[in-house]
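If you read the protein sequences in the order shown, they are chains A and E.
Going by this note's numbering, the residue at position 11 of the first sequence is 11; the numbering climbs one at a time, nothing skipped.
Going by this note's numbering, the residue at position 346 of the second sequence is 630; the numbering climbs one at a time, nothing skipped.
These aren't lab readings, by the way, just hints derived from the structure by calculation.
Beta carbons: idealized from backbone N, C-alpha and C, even for Gly.
Just so you know, not all the hints are guaranteed correct.
What the hints assert, rightly or not - So, partial list: chain E residues that the calculated Cβ filter (under 8 Å) puts toward chain A:
1) G529
2) S627
3) T629
4) V630
5) C631
6) I633
As the list claims (entries may be wrong) - Computed cross-link-like contacts, DSS-like style, restricted to lysine-lysine with a CA-CA straight-line distance of at most 27 Å:
7) K5/A with K420/E
8) K282/A with K523/E
9) K21/A with K376/E
10) K671/E with K16/A
11) K291/E with K16/A
12) K677/E with K523/E
13) K585/E with K42/A
14) K16/A with K523/E
15) K508/E with K5/A
16) K671/E with K5/A
17) K478/E with K585/E
18) K376/E with K5/A
19) K298/E with K282/A
20) K5/A with K585/E
21) K655/E with K482/E
22) K5/A with K374/E
23) K374/E with K16/A
24) K585/E with K508/E
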Amino acid sequence: MHTVKTLVYEPDIRRKMGLIKSLIVMYDNMTGNWELNYQLFKRDFLQQYKKSLIGMGWLFITPILGIISWVFMNATGILSPGDVGIPYPAYVLISTTIFALFQSFYTGASGTLSAGSGFISQVNYPHDALLVKQTLQQLASFIINFIITLIVLSFFKVYPTWMIVFFPLLIIPLFLLGSAIGLVSSILTVVMPDLHRIIGVLMGLLLYITPVIYSSKISNPTLQRVIEWNPLTYLVGGVRDAIIYGRIEHLDRFLIVSAISLILFCMAWRFFYVSEQKVIEKMI
Amino acid sequence: MSEIAIKVENLSKKFCTSLRRSLIYGTTDMLNDMLGMKRQTEGLRKREFWALQDINFELKRGETLGLIGQNGCGKTTLLRLLNGIFPPDKGKITINGRMGALIAVGAGFHPHMSGRENIYLNGTILGMTRSELNSKLDAIINFAEIGEFIDSPVSTYSSGMTVRLGFAIAIHCEPDILLIDEILAVGDGRFQQKCFSKLAELLKSGTSVIFVSHSMPQVQMICKDAIYMDHGKMLAYGKVEDTIGFYYNKCAVNVFESSENTKDNFISSYNISYQYLKFFNTKGQETRTFESGEDIIAEWKFNMPAELKNVSVYFGMANDVFTHSGYSTAKGYDNIVVERINSDTVCRIHLKKPFLSPGEYIVSIALWDDKMQDCYYNDYESTGKIKITSKNKIHTRFQYDHTWELTNA
């Protein structure tokens, strides 16, 4: 027999809940729903490839195709980003992989509500718990991507340093920042459908003001300012530097940006928790 | 455990009819929240309407509550609020116990996954744990009667199979409170019987039920109390017989007021209509209400420009689930020769001991040629309604005159 619990539904009950209390409730939801996350993960991730012939092979092919275009541009002289300390293709590969991870955290989080769109109006289940499933889905694709990246890097005689052990910890700020933007987007997209597309475009532009395809020393002073103020410069760069060079340049800035990301995440999460009830009725 | 399973106080919910405005209001509400301002819930903004207004009721543990009303009166919205899909605009809902809903079966089914996999998926979405599902898996598969197709992808199932599977999962959830939204209307007769048996089992073990249906016999059979809703408001709340009675009275008033207008609502290329349609009981009194089993005498006169020869007269009755009994004088049917008919002909039919289940019945009359090939007049079931009441419960569509005998050895 299960224990009987009492639920009360009132207008604005979530808004009136304090910040700490709502974070605790959401944390409980996330950790108490592993089975649901696992089932939905199975449904959405594994089923993607069931029908296709190449199937899971796409997970391997896609990253390789991505690198080729950058390497091609470098080989033909279109892109000369300057000295980055290691062979350019290797640099691009590892940088874009990490940047793509950030993008995928955003994509995953922004699909938190729409992942359940089929049954969101029929069954009551904790929607914030879906964030875990969305993130896991993105991580699953990423891990394969990452392993291939490391293998290709070894062909360029670039081997990961000991700091790779800290890799799971180091990507947490990326998760926090990407998910914060994603959660807010997931709610706002219901009432402003254009927003999703706008953010998607902006994300693409972000790539150009983060030192991913070029080194962090740029001749143009304005661009240099922009890069210095871009939080991703430190979050993406820090992870990359840890893996390749074994140290994090600008460690202090990395930590500050990480702290800000954590705060943003808590705010975004609470925003999600309070607002989702109001937008669900628009989703029906 | 508390005695009260559900308590609803002053519940109200509003929606917006315009999509654009609805999105704008959603945005403004969210901005208000972010800035810490109170959300505007008191009055109605442009294009908003109250889907539910001031609903109050209590459901005690182990009791059943019926919810009746015409389509669009707010029943599904009320169930969604009870289920926690979205919050109310005013009022309070208190729920003690685990809620299960048979509102939409097959929620979250993935078409490429097999039935078995979907049992785990759907069951988890509905709140069952893995160990629960493992122990109930066989019971669910047997109940659904899908057979060997349980391991085929759900996209290959017929709609009936999908419903049976979804239903089997939902009904094994064994919640403390069960919400049923007209879902027992699907499935073949045998499956419906199984569902009712399982439901009876749940009721015996103390589950409280809210039952939404258009079938008055079903509501009367299952529920102790009932609520009648109209346009978002509760018009009646009390014992199920009283509420259903109130519902009939309200409907009857509407129809009887308008039945006089239906003289124009017919198909006839022969310019035929009817003058009147009256009902009498065996005492000769004109009435529109009959006890189940009481003889019904119907009398009417057609209105035609000229006499017609070799015709057949038709009389039929249908209720809200379209049980239809029809009588025709034509050859091969009742074989009554009607040589001629004109505007002075009084037509009468005497139905003997019709043990009909309580409810309203629409009466229709028609005029055909004697081979029932050419239709001179057909009112398409719009002529009028009579009401059948019953002191005893009848939950099947009709019964026959009968006596009981039980002898001990």
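So if I understand the rule, the pair passes when the alpha-carbon distance is 27 Å or less; does K655/E with K482/E pass? violated, 48 Å
Would you check whether I633/E satisfies its interface hint, that is, whether its CB is within less than 8 Å of any CB in chain A? violated, 48 Å
Interface hint check: S627/E, Cβ to nearest Cβ on chain A, cutoff 8 Å. Holds or violated? violated, 56 Å
Given the hinted pair K282/A and K523/E, is their alpha-carbon gap at most 27 Å? Violated: K282/A and K523/E sit about 36 Å apart, past 27 Å.
Distance restraint between K585/E and K508/E, which requires alpha-carbon spacing of 27 Å or less: violated, 43 Å
Does the structure keep K5/A and K420/E at a Cα separation of 27 Å or less? Holds - the C-alpha atoms of K420/E and K5/A are around 23 Å apart, at most 27 Å.
Hint consistency between K478/E and K585/E [alpha-carbon to alpha-carbon, up to 27 Å]: violated, 47 Å
Is K508/E close enough to K5/A, meaning Cα to Cα at most 27 Å? Holds, because 25 Å separates the two Cα atoms, which is no more than 27 Å.
Is the interface hint satisfied for C631/E? The criterion is a beta-carbon contact with chain A at less than 8 Å. The hint is violated - C631/E has no Cβ within 8 Å of chain A, the shortest such distance being about 51 Å.
Pairwise hint evaluation, K5/A against K671/E, where the allowed Cα distance is 27 Å at most: violated, 45 Å
Measure nothing beyond the straight line between the CA atoms of K5/A and K585/E; if it is 27 Å or shorter, mark the hint as holding. violated, 65 Å
Are K671/E and K16/A close enough, with their CA atoms no more than 27 Å apart? With a Cα-Cα distance of about 52 Å, the restraint between K671/E and K16/A is violated, given a limit of 27 Å.
When held up to the earlier numbered hints, the structure conflicts with 1, 2, 3, 4, 5, 6, 8, 10, 13, 14, 16, 17, 20, 21, 24 and fits the remainder.
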